[in-house]
Amino acid sequence: MGIKINELVKDVRKTISFENLLNKKISIDAFNSIYQFLAIIRQRDGTSLMDLEGNVTSHLSGLFYRNIKFLEYNIKPIYVFDGKPPELKLNTINERRKIKAAAKEKMIEAQESEDFKEARKFAQLTSKLDSNMIEESKLLLKHMGIPVVDAPSEGEAQSAYLVNRGDAWASASQDYDTLLFGSERFLRNFSVNRSKKVRDTTISLDIEYISLSKFLDNLGITREQLIDMGILIGTDFFPGIKGIGQHKAFDLIKKHESLENMLKNNVQVSGKQLNIDIELVNRVKEIFLRPKINPDYPKITWRKVDYDKLEELLVEKHNFSKNRVVSAIKKLRDLDSDKKQISLDSFFK
DNA sequence: CGCGATCA
DNA sequence: TGATCGCGG
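Per this note's numbering, the first sequence starts with residue -17, numbered consecutively.
Please note that a few of the clues may not be correct.
What the hints assert, rightly or not - Computed cross-link-like contacts, DSBU-like style, restricted to lysine-lysine with a CA-CA straight-line distance of at most 30 Å: (1) Lys103 - Lys51; (2) Lys(-14) - Lys6; (3) Lys71 - Lys196; (4) Lys51 - Lys(-4); (5) Lys58 - Lys274; (6) Lys(-14) - Lys110; (7) Lys274 - Lys7; (8) Lys120 - Lys71; (9) Lys71 - Lys(-8); (10) Lys71 - Lys(-14); (11) Lys7 - Lys124; (12) Lys267 - Lys237; (13) Lys313 - Lys281; (14) Lys110 - Lys86; (15) Lys99 - Lys(-14); (16) Lys299 - Lys51; (17) Lys281 - Lys312; (18) Lys66 - Lys86; (19) Lys124 - Lys299; (20) Lys6 - Lys312; (21) Lys267 - Lys254; (22) Lys(-14) - Lys196; (23) Lys267 - Lys71; (24) Lys196 - Lys7; (25) Lys103 - Lys82; (26) Lys230 - Lys71; (27) Lys110 - Lys88; (28) Lys7 - Lys267; (29) Lys267 - Lys230; (30) Lys86 - Lys103; (31) Lys58 - Lys120; (32) Lys103 - Lys(-14); (33) Lys86 - Lys120; (34) Lys(-14) - Lys7; (35) Lys224 - Lys246.
By construction, these hints were calculated from the structure, which means they are not laboratory data.
Using the sequences and the hints given, assemble the complete structure.
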């Protein structure tokens, strides 16, 4: 789920539009994006889209259409896939598994009583991503000519590395953890969701942009202090301290400067002494400050779309409607041949 | 989510 | 042309 700092970023969070990202390389947290598709792309009763063999295809649909949109705007997506999670994440992973199992029971209950709205609500929480789905997602991206980077561990860490190295302009995820990993530029809600007309030009809204350095300056803290706050608030690697939310964590770090000081000074939190094993604190900090990343990933390039393989994968293998796929692919073909690409000119003429 | 059919 | 809505797999 990531760290809750939504209140703290309010001052520096900017709403940007799609045209701000024209020609930009964006490193996308693949798991995060795919999970979102799996949660949202469903029937009214909550069932996923599936091919004739019963394989879930919601994520393929989401990836296919959204990336066409990106390419139309000459936005250059890079998908970064998670590797092996850090050991400290295993508790969180187990918790999520339990939540999914519980949601599945409630979903079945709701289905049996034909309450489709409830069924859908719980179904959204049950989304699972197996290795076959991951491989097929990578294959789809490959056929679309979109680069994929395999992270050795956390994708967000690798994504932050790509940004800071200059291989991507920003990293996109729904989780603010990306900021703790040090990504200087960060996007949330990275999709073309809404649009409005302003003086003859259509602009899309609702993408959230945060500059890490502006965020830290605004709060007057360092990234290390932000990570200390994260440990108090709770991240995927440590559950946090009961009674401490984002505001209290901020006050504490301003007052004591570091989590280590808080522990040394026997700080009291809601009547109880703050107590975390310092070894554990250091291990969590290590994950954010010196994450496992691969500095030698292959050169990032956007290749030509393989129209035939794309059609084969979606239509023949996964029973997508041929008409729909062909007309979507046509957009890509047009991009290839024409100046059909949406350019800055078409926004500000 | 994003598409495309439909209707004002 | 823009907004709404049901469906896709």
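Exercise. Mind listing which of the numbered hints don't hold for this structure, in increasing order?
Key: Those not satisfied: there are none.
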